[in-house]
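The task is simple: from the sequences and hints, build the whole structure.
Same order as they appear, the protein sequences are chains A and B. One gets our numbering by counting positions in the first sequence from 1 and adding 1380 to each. One gets our numbering by counting positions in the second sequence from 1 and adding 1 to each.
What the hints contain is simulated information worked out from the structure, not anything from laboratory work. Treat the numbers as computed from the prediction; the structure is a model and nothing was measured. Relax, there's no trap hidden among the hints.
With a cut-off of at most 16 Å between alpha-carbon atoms, the simulated EDC-like pairs for lysine to aspartate or glutamate come out as follows:
1. A:Lys1806 x A:Glu1895
2. A:Lys1564 x B:Asp23
3. A:Lys1655 x B:Asp23
4. A:Lys1497 x A:Glu1414
5. A:Lys1687 x A:Glu1764
6. A:Lys1807 x A:Glu1895
7. A:Lys1687 x B:Glu47
Using C-beta positions, here's what the derived DEER-type ranges look like:
8. A:Lys1889 x B:Ala38: 48 to 54 Å
9. A:Val1888 x B:Leu56: 55 to 61 Å
10. A:Phe1849 x B:Ala30: 49 to 55 Å
11. B:Arg53 x A:Val1950: 49 to 55 Å
12. B:Asn24 x A:Leu1952: 30 to 36 Å
13. B:Leu45 x A:Thr1408: 47 to 53 Å
14. B:Leu45 x A:Ser1572: 33 to 39 Å
15. B:Ala38 x A:Phe1849: 41 to 47 Å
16. B:Ala30 x A:Gly1683: 23 to 29 Å
17. B:Glu55 x A:Ala1857: 36 to 42 Å
Yeah, the Cβ is synthetic: ideal placement off N, Cα and C, and Gly gets one too.
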Amino acid sequence: MTGPVPASAIGPATDVAAGTRFNVCAFTGRRLDEVALRLVRWNAVTSIVALLIGAIAAVLIVLTRWQAVHLLPAIWFYRILGVHGMSMLIFFIIFFEMAVLHFASTALLNARNVAPKISWIAYGLMLLGALMVEYLMWAGKADVLFTSYVPLRAHPLYYLGIILFAVGALIVTGVFFANLRMAKRERTYEGSMPLVVYGAMTAAIIAVITLVHGAMIYIPTFLWSLGLMEVDPQVYRMIWWALGHSSQQINVAAMVAIWYMLGALTVGAVVLNEKISRSAFVLYILFISMASAHHLLVDPGMGSAWKVVNTSYFMYMAVLASLLHGFTVPAGMELGMRLRGYTNGMFDWLRRAPWGDPGFSSLVLSVVVFGFIGGITGVTIGTEQINIIVHNTLRSPGHFHATVVSGTAMAFMGATYYLIPLVFRKKVALWGLAKLQPYIFAGGMVIFTISMTFAGTFGVPRRHWDISFSQAPFDVAFNPAVDIFLALVALGGITAATGAFIFIAIAVKSVFFGEPIGQVTPNTHMRGVPQGLTHPPKHSADVAERWEKMHGPESGFMGPAPGTLVLVFVFLAAFILYFFVNWKVLSFVWRIG
Amino acid sequence: MSDLRSDDSSSEPIPLAQRLFDNVWLLLALGLAVMFAIFTAWGLWEILTLPRAELP
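Right, here's the structure in full:
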């Protein structure tokens, strides 16, 4: 990196706000707004602290669900379960997404943060809210789990803390939109915004939808906790899930944006078709939030028409969008590799990919586990009829740990390995471990999610301290296989948590005690710097000719990305098989005739 | 990320669909409208019009 230079030295004279200073990235040549980078750093570090708390809680939970160990007493199990949910699903994820929004709206557009003070106030509100919520949960004053269903009542400051956090996040999305508008006005980019920024914009819009619903339900609930008004439990459930589930859809959009970014950085992926990718993001904006209705599929208060329209007819448009991204991301990577000369056979491009680059391995593992486990199980259990045999069993957390943890968290980790040199200007510490970390984390999560799903198939309930009902007047006998699956849940969970702890150690050591990047010599290996930065992927000199050839009749009926096409059909076969098996299982418990 | 097929004729008119897709405020408004109409408003109407259950 060179030292900081005035923006006027590197950009059009008209686009400089007084006092705004920029650095020039030594790797990409982009100009980086120092104010925005500081916001990215603080949000990312806070996110990782939340990940640490959530991961410690995760270990305690799996060691309690494993009946042979049964570590925590009941009160602490439910308390820690709440801590785990809030720390992971809200604080870790949303702080990181705020970092993504700050980064995408400035660094990726050569633009500046237009409201630094407001951005810091927003960060302060989010931090204050998060600290209030964490304190009250650990102090036993908010034993209401992640969902805090009314009439379970927490301390009023718990709800106020969540409101402050949500207001802060809403302000950041406002700053994101303002940054976009200013970048357009100052012409820091030409034409449509880049696809990665478009994905971040999608995440920001979904965040607005989510946070407005959050305000709609948490403000009345705060007043209810003070005894000032009544809240209908069914209304609470419906509006709350427009926050609880939609907040995870912010993740999906941000994750897909990161997939595109990591694909380009690690292997020189190209955009297969801008229209298709952008259409898929628009489908997310229009239809993905209503997936919240999945949580109400067995609620008697909601009618079938509302359930079916929200979870099938319209929501499947968002599923279509995920299928599109699930094809275009790997196909773009395949095309990128083929344009770099890796053209032998069907899968040479995949075999010769940089598997030792933690950014690349995280990307691939995120795509595969998100799609094959998270996506397939999600669409299946979101079917109204099948949901009857799934609801409130371990199959639900089995599904969302495959999407949020194996998909989103894995993608965020992969991005972090690139953000450490790009934003923090440090080498990635413990580089040997960093290369292994994605495999440890993803391996643990695969064992964890599959075992959880199987245990749920045998009817094991979620959010349950003791499925042996040891002090109850009646016992419930589960299939003995359940004990094995719960042990595997613990094994997979501890392995994944180990991967998370390694990631945290790498991030903390890199950021606070890491070696500065120093002088960068292009195309020279630097230990602790991913290969996508030291050796930016370049296409062959005859790239235009190769492109024409790949899209001509010579590529045959399999088209320009035959390897991805084969993988897509493997995915579809798995999808059909799992869907059919679930209907068959449903027929065992719901006999007709 | 680059699209190799993008042409360099920047003087061409921007297609309507691209202009719509680039309109952040329109997308934000549509996203809010669809969710509020189909999920939130319809759902609230369903709950609030439920007949009160009579105790046996």
